[in-house]
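J.: Protein chains in written order, with my numbering: chain A, 1 to 167; chain B, 1 to 202.
Quick caveat, the hints were computed from the structure, so don't treat them as lab data.
Heads up, the beta-carbon is just placed ideally off N, CA and C, and yes, glycines get one too.
Honestly, I wouldn't trust all of these hints.
[Stated by the list, open to error] A partial selection of chain B residues facing chain A, derived with a Cβ cut-off under 7 Å:
hint, residue
1, Y54
2, A67
3, N136
4, C137
5, Y139
6, W146
7, S147
8, H149
9, D156
10, D192
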Amino acid sequence: MKRVVGVGAGIVLGAFVGLTLVAALGHTEPEPHPYGSPVGPEMPRDTGAGEMLVVVVGGVFETRAEAEAANAEMTFGDVAGYYVVPEAQFQGFVEQVGTPADFALVSAFRTDEGAREFAELAGFLGYPATILANRVRSLGGVYAGLGQEANPDGSGPLTGPVPESLP
Amino acid sequence: MSSTSSSPPAKRHRRRLAATAAVLALVPMLSGWHWAKLGWRDLHYNYPATPQSYDQIVNRFGQPCNADASAVWMSWTASDNGVTYTFRFHRKLGGYPTQMVAGKGGKSTNLDNDVYGHIQNAHLIGYTKSGIWGYNCRYVAGTTKWSTHAFGIAVDISSAYEPMGQCYSTRNKNFASIFKDHGWRWGLDFCDPMHFQYAFGY
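Modelling step: build the complete structure from the supplied sequences, incorporating the hints.
T.: Structure (structure tokens):
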């Protein structure tokens, strides 16, 4: 009888010690590492064709390769910075830049406020950022960052034309 | 064995006891003085649950670039260049009036009072280096997907030293646990050690 009680007590004690060890040393299932790309929706590459846009310029270059190289040097942390575009895709751009070149680093906006905020960010990072004095007309072409600004009504991102951007 | 004079081991024992008692009494007093001096308390007031997906981010914090995403601001001085960075973030993550923070229309004490105060109080502010950013209505670099910065739920710290793509940390590792203890995820998990975000699964 004593033996049975002893074995029983040993099993209970062993189970208790085991559970205590598991609780103390065990971990929950590890999180996937790394997460990889964010899983949110991909936004359309809005070019604002035909609209009058505000453009922040980070530089102009004779070749795409030079522009790409300069852009690679200008990292904006983990958020999107400038985009390499042919100058010809904005009507009125060359006249304002004044430097003969074919490619530019730009980010385009529909509101002055959006352009100002981005120019401030670039300035803080020590990068050139000139807001062109006059709006330029978008002829479409490659994506130039449009859509990354707040809607003035405070509801979310600005995804369509505003009165100032309509020709 | 004499009962009137103590032997050397007994004396040592008494000294140890006295020293231990002194330390036990002094530590709370010193910590109390320290906290009172800074006027700070880790309040943990009204934190939103940390989202686990993009949909939960939108449900809890609204659309990217909405007015609440940039409603509250705070200043943070980098220890290396002495520049004070003023950045904005979501009103659900701070701006509630406390001993340290003036009321800014915010709804919780998370970032500006609790996280920042905790880093200050633990004397870890010296590890926060230049390049400190918050809200930005921008996509993730190289994508057209919204960055958590666009929701005002992400902060970059020491970005000059902890670049995106670097899978180790030299500065932010010293205080990352404080962010984690307050519901934040550290970007080192996806090789972005400058980045802290109030969201998982995105």
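J.: Please go over all the hints and tell whether each is borne out by the structure.
T.: Tested hints:
Nearest Cβ of chain A to the Cβ of Y54/B: about 4 Å, under the 7 Å cut. The hint holds. Here the hint on A67/B is kept, as its CB sits about 3 Å from the closest CB of chain A, short of 7 Å. Annotation: interface hint on N136/B holds; nearest CB of chain A at approximately 5 Å, less than 7 Å. At about 5 Å, the closest approach between the beta carbon of C137/B and any beta carbon in chain A falls short of 7 Å, and the interface hint on this residue holds.
A least Cβ separation of about 4 Å between Y139/B and chain A falls short of the 7 Å threshold, and the interface hint therefore holds. Restraint check, W146/B versus chain A: the minimum CB separation of about 6 Å is within 7 Å; hint holds. About 5 Å separates the beta-carbon of S147/B from the nearest beta-carbon of chain A, less than 7 Å, and the hint is met. Given the 7 Å rule on beta carbons, the hint for H149/B holds: about 6 Å separates it from the nearest Cβ of chain A.
Below 7 Å, beta-carbon pairs count as interface contacts, and D156/B has one with chain A at about 5 Å; its hint therefore holds. Taken as an interface hint, D192/B checks out: its beta carbon lies about 5 Å from the nearest beta carbon of chain A, inside 7 Å.
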